[in-house]
Amino acid sequence: MKSQNSFIVFFHKLGSPPHFYAIAGRLLPWLWGLFGVLAVVGLYWGLFRAPADYLQGESVRIMYVHVPAAWMSMLIYALMAGMAFVALVWRIRMVEILMISSAPVGAAFTLVALISGALWGRPTWGTYWVWDARLTSELVLLFLYLGAMGLHAAIDEPRKAARAMSLLVLVGVVNLPIIHYSVEWWNTLHQPASIGVSGSSIHPSMLWPLLITAIAAKLYYLANLFTRARLRLLEQDRRKHWVRKEVLAAELAGPEMDEPGAGAH
Amino acid sequence: MSVLSGFATVLRRDLLIAIRRGPEALLPLVFLLVVVSLFPLGVGPSPALLASIGAGVIWIAALLATVISLDTLFRSDYEDGSLDQLLLSGLPVSLVALAKVAAHWLVSGLPLVLLSPLLATWMQLPGESWGALMASLALGTPILSLLGAVGAALTLGLKRGGQLLALLVFPLYVPVLIAGTGTVMAAADGLPYTPLLGLLLAGFLVALSLTPFATAAALKISVA
Chain A
69 MKSQNSFIVF FHKLGSPPHF YAIAGRLLPW LWGLFGVLAV VGLYWGLFRA PADYLQGESV
129 RIMYVHVPAA WMSMLIYALM AGMAFVALVW RIRMVEILMI SSAPVGAAFT LVALISGALW
189 GRPTWGTYWV WDARLTSELV LLFLYLGAMG LHAAIDEPRK AARAMSLLVL VGVVNLPIIH
249 YSVEWWNTLH QPASIGVSGS SIHPSMLWPL LITAIAAKLY YLANLFTRAR LRLLEQDRRK
309 HWVRKEVLAA ELAGPEMDEP GAGAH
Chain B
1213 MSVLSGFATV LRRDLLIAIR RGPEALLPLV FLLVVVSLFP LGVGPSPALL ASIGAGVIWI
1273 AALLATVISL DTLFRSDYED GSLDQLLLSG LPVSLVALAK VAAHWLVSGL PLVLLSPLLA
1333 TWMQLPGESW GALMASLALG TPILSLLGAV GAALTLGLKR GGQLLALLVF PLYVPVLIAG
1393 TGTVMAAADG LPYTPLLGLL LAGFLVALSL TPFATAAALK ISVA
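Top line first, the protein sequences correspond to chains A and B. If you use the working numbering, the first sequence corresponds to residues 69 to 333, in order. If you use the working numbering, the second sequence corresponds to residues 1213 to 1436, in order.
Wrong hints could be hidden among the right ones.
With a cut-off of at most 30 Å between alpha-carbon atoms, the simulated DSS-like pairs for lysine-lysine come out as follows [to be verified]:
#1 A:Lys286 x A:Lys81
#2 B:Lys1371 x B:Lys1432
#3 A:Lys81 x A:Lys308
#4 A:Lys313 x A:Lys228
#5 A:Lys81 x A:Lys313
#6 B:Lys1432 x A:Lys308
#7 B:Lys1371 x A:Lys228
#8 A:Lys81 x A:Lys228
#9 B:Lys1432 x A:Lys228
Just so you know, these hints were derived from the structure itself, not from any lab.
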């Protein structure tokens, strides 16, 4: 029975910390580089080339940061929930580490979405903060991220902390739709229709830079996630043989901390 | 030991402990009274203002009182080792968790429901919303206990578990808070509020059927 698909072999190897460390290390320069290029192109296009909105004026340009951040804040929580499930059922340590490392990135995107939303609200709604349904849901999401991170930080033993956090994230993701719809209902109850972005259609001249910054945000997530996961691996496995080998290889490569993993094996 | 008699045993034991401890079990309730009484002092005694914020104040105080009492839900059993015995007893852990939550609600939730007319008087709520307040609390506080038990089990044995517990469960309480205050406000405005009570009931049933398993999983993580 040797008919093993090479992709499956590759996938299984990713679950092993030394392999993940090496593969992620090889991918990282590309991810960071591509993110940099797309971020510069997308932001330049959005901030300088794209037209201003006839209703919102120049402040519409905040969208090129705000919308990708808001998308990422929700996407990352959903990904964390998927990883939490896998981590609880199959107890794969690599997945646990990826889930834990996702949380700060997701929380940061949520914070960016909130702050950029507030900055957009000032000229558009005339105030920094409105208890708008989406802003409120986003704020609750930030609290969910902070709770998960707080629980993980409070438990000393790494595996136990990961499993507790996984369970909390799963409970959170079951609740999230309920929270979202209850907040929307509450909003229609208390507020007579505030101005929102008309979600009908968006002109291609604005859509393209938005798509580019959205992809840049996803690349940033991957790059940041892999960087964090590699550092967490080094820290957790610091007494293991493969880490010593990586550190030794890095020290041999030169006095300056070069990109480890590149020359190993 | 059959499953039902196991449930009854754990429930009776927890109630007995609460009664023997006496006034200690009532502390969250006193806390609730103090919190609600601070609001008129803080925002002024104007009846119109108090009536407009009353439902929210009572519900938020209920949330706070629940979280304060939840901290002790598993803690003493965890510290004296009886929780390990319960987990080793062969009873389904979700059942043990459910029994403990039921006892917790009877000790801290039910008195809150019974006390709510006094709170409604303090907050100058109109008479027609009292029924809605009691009904919403009667359906909503069990959800708070059930959901909070997951957080209490996750933070078991942590140094600052209490503070963390509040951060974990308050975001999850948002729908209950919205539906609960919505019920009372609808009743005060003379609107039909039974659909909202129906939502709370649905939430209660979902929480009742799902959270005991999450609590059981959390207990196993924390005690292991």
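> Going straight from one Cα to the other, do Lys1371 (chain B) and Lys228 (chain A) come out at no more than 30 Å?
Replying inline: holds (15 Å)
> Has the given pair, Lys1432 (chain B) with Lys308 (chain A), been kept, meaning a C-alpha gap of at most 30 Å?
Replying inline: holds (28 Å)
> Taken at face value, is the distance from the CA of Lys228 (chain A) to the CA of Lys81 (chain A) at most 30 Å?
Replying inline: Within the cut-off at roughly 24 Å; holds.
>> Please verify whether Lys81 (chain A) and Lys308 (chain A) have alpha carbons no more than 30 Å apart.
In response: Roughly 18 Å between the alpha carbons, so the hint for Lys81 (chain A) and Lys308 (chain A) holds.
>> Does Lys228 (chain A) sit within 30 Å of Lys313 (chain A), going by the straight-line distance between their CA atoms?
In response: Holds: Lys313 (chain A) and Lys228 (chain A) sit about 27 Å apart, inside 30 Å.
>> Against the 30 Å threshold, does the CA-CA distance of Lys1432 (chain B) and Lys228 (chain A) hold or violate the hint?
In response: holds (10 Å)
> Would the pair Lys286 (chain A) and Lys81 (chain A) pass a check requiring their Cα atoms to be no farther apart than 30 Å?
Replying inline: Distance of about 24 Å is within 30 Å: holds.
> Does the structure keep Lys81 (chain A) and Lys313 (chain A) at a Cα separation of 30 Å or less?
Replying inline: holds (18 Å)
> When you check the alpha-carbon spacing of Lys1371 (chain B) and Lys1432 (chain B), does it fall within 30 Å?
Replying inline: Given that 30 Å is the threshold and the Cα spacing comes to 18 Å, the pair holds.
Of the numbered hints given earlier, the model fails none.
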